[in-house]
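J.: The lines below spell out each chain.
There are 2 protein chains.
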Amino acid sequence: MREYYHSELDEVVHQLVTMSDSVQIAVRDATTALLDANVSVAERVIAGDLRIDAMHDELEQRCFTLLARQAPVAGELRTIVAATQVVADIGRTGDLAKHIAEIARMRYPDHAVPEPLVDSFRRMSDVAQEMVGKAGRTLLDRNLEEAHELVDDDDEMDNLRSSQFRQIVSEEWSHGVDKAVEKAVDAALLGRYYERIADHAVAMGRRIIYIITGEAPEGDDWPTT
Amino acid sequence: MREYYHSELDEVVHQLVTMSDSVQIAVRDATTALLDANVSVAERVIAGDLRIDAMHDELEQRCFTLLARQAPVAGELRTIVAATQVVADIGRTGDLAKHIAEIARMRYPDHAVPEPLVDSFRRMSDVAQEMVGKAGRTLLDRNLEEAHELVDDDDEMDNLRSSQFRQIVSEEWSHGVDKAVEKAVDAALLGRYYERIADHAVAMGRRIIYIITGEAPEGDDWPTT
Numbered sequence: 001m002r003e004y005y006h007s008e009l010d011e012v013v014h015q016l017v018t019m020s021d022s023v024q025i026a027v028r029d030a031t032t033a034l035l036d037a038n039v040s041v042a043e044r045v046i047a048g049d050l051r052i053d054a055m056h057d058e059l060e061q062r063c064f065t066l067l068a069r070q071a072p073v074a075g076e077l078r079t080i081v082a083a084t085q086v087v088a089d090i091g092r093t094g095d096l097a098k099h100i101a102e103i104a105r106m107r108y109p110d111h112a113v114p115e116p117l118v119d120s121f122r123r124m125s126d127v128a129q130e131m132v133g134k135a136g137r138t139l140l141d142r143n144l145e146e147a148h149e150l151v152d153d154d155d156e157m158d159n160l161r162s163s164q165f166r167q168i169v170s171e172e173w174s175h176g177v178d179k180a181v182e183k184a185v186d187a188a189l190l191g192r193y194y195e196r197i198a199d200h201a202v203a204m205g206r207r208i209i210y211i212i213t214g215e216a217p218e219g220d221d222w223p224t225t
Numbered sequence: 001m002r003e004y005y006h007s008e009l010d011e012v013v014h015q016l017v018t019m020s021d022s023v024q025i026a027v028r029d030a031t032t033a034l035l036d037a038n039v040s041v042a043e044r045v046i047a048g049d050l051r052i053d054a055m056h057d058e059l060e061q062r063c064f065t066l067l068a069r070q071a072p073v074a075g076e077l078r079t080i081v082a083a084t085q086v087v088a089d090i091g092r093t094g095d096l097a098k099h100i101a102e103i104a105r106m107r108y109p110d111h112a113v114p115e116p117l118v119d120s121f122r123r124m125s126d127v128a129q130e131m132v133g134k135a136g137r138t139l140l141d142r143n144l145e146e147a148h149e150l151v152d153d154d155d156e157m158d159n160l161r162s163s164q165f166r167q168i169v170s171e172e173w174s175h176g177v178d179k180a181v182e183k184a185v186d187a188a189l190l191g192r193y194y195e196r197i198a199d200h201a202v203a204m205g206r207r208i209i210y211i212i213t214g215e216a217p218e219g220d221d222w223p224t225t
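These protein sequence lines map, in sequence, to chains X and W.
Residues in the first sequence are numbered from 1 upward in steps of one, following the UniProt record's numbering.
Residues in the second sequence are numbered from 1 upward in steps of one, following the UniProt record's numbering.
The hints are simulated quantities; they were obtained by calculation from the structure and are not laboratory data.
Using N, Cα and C, we set each Cβ at its ideal position, and we do this for glycine too.
Any given hint could turn out to be false.
Said to hold, decoys possible - In silico negatives: residues of chain X with every beta carbon more than 12 angstroms from chain W: (1) Leu140; (2) His148; (3) Gln164; (4) Phe165.
To be verified - Simulated coverage check for chain X against chain W, where a stretch passes if three residues somewhere in it have a Cβ under 8 angstroms from a Cβ of chain W: (5) 79-88; (6) 168-178.
Construct the entire structure; sequences and hints are all you get.
T.: Dropping the structure here:
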C-alpha cells in the first residue's frame, strides 16, 4: 500500500514536470507569435492552453485524492500540498503565455512590439523560459542550488522591465514610434506578463525548497507569490 | 479530539474572513491614495501589506498543521485544501492593492489617473471591494447564491476595462492628456490590477462552491484563477 502511495506521488511529480515543459514551450511560441507577428502560432498557443488547463485540473484532483486516500506522513504531506501550489503556478504561467499570444493576435498583421523593444522582449522571453525550465528540473532533481538561483534570474527580469519603462516614457518613443500610446500600453502589459511568469517560477522554487527542507525560505528575496 | 478539530477549522475560516476584511480595506485605501494623490494613505497601504503577508503565512501554516495532525474526512479535507487556496487568493489581492498604492506614491504629488478616467477607476474600485466583501461573506455564510453572483460582477469589471482601453487609445487622449504615454501605461497597469482583484474574488467563489458542494463549478464562466 505504502509502495503504491509512493509510486502515485512520483507520478504526480513527473506529470508536473511534463506540464512545466509544455508551459515552457508555450512561452517560447507565444514570443515567436509576438515578435514575428505570426498569427497561426498565436492561435496554436491560445488553443493549447485548454490542454494545459486540463492537465492542471487533473493534477489538482490527483493531489486531493492522494491527500484523502491515506494519511500522508510529514514529508509526503509537504510534497502533496506543495504540488497543489506548484500546479497552480504552472497553470497560471500557461495563462500568461496565452495572454501574450492574444496581444500578438489582436495586433496582427501589425507587430505589437515596435523595433526599439524587440531585443529586450526577446531577452525577457529567454529569461522566462530558462526560469520555467529550471523550476521544472529542480522539481525532478530536488536540486536546492538551482532553486535558489531563481531569485537571481528574477533580478534580471526586473532590470529588463525597468529599462523598458524608461524607453517607453522617453521623448524618442513619443515622437519616433507610430501609435505611441497604443504600443506603450501593449508593451507595459506584455512586460507585466513576462515578469509574472518569472514570479511564478520563483514561487515554484520556494515550494520546492519547502518540499526538500521542510522550511519555507525567508526574506524579501522570496516573494510570497 | 474531533470537537477540537472542528473548532480549529472554524477558527481558520474566521481568520480568513478577517483577512479578507483587511484586504477589502486595503483596496479602498489604495484607491483613495490613487484618486486623491494622497501619499500618506499610500504609505499606509504599502506598510500594511506586511501584516497581510504575515496573516497569509500564519494561516497557511495552520492549514498544513490541520492536514498533518489528523486524517481529515472528506468535507474537512475539502475545506482545508480550499482554505489554503483562498488564503493565497486573499494574499495576492493584498499585493495588488499594494501595487496600486505604489503607483499613487510614485506619481505623487501628481495624480496618476487623469480626469477622464477618474469615475471609471472609482467604479472599478467599488466593484472590486464589493466582490472581495462578497467572497468573504460567502465563506462565512456558505451562501451558494452569492458565490455564483461573483461571475456577473466580474463581467462589469471586464466591461469597465474595455471601455478604459477605448478611451486611452482615442485621439482625445493623445492630444488632451498631459504626459499621454506615461498616463496610458499607468492606467493600463492599474486597470489590470483591479481586474486581477476581481479574478481572485471569482476564484474564491469557486473554492467556496467546492467546499459546500464537493464539486468545482465548470464552464468558461469560471476561470481557473
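J.: Find the hints from earlier in the document that the structure breaks and name them by number, from lowest to highest.
T.: 3, 4
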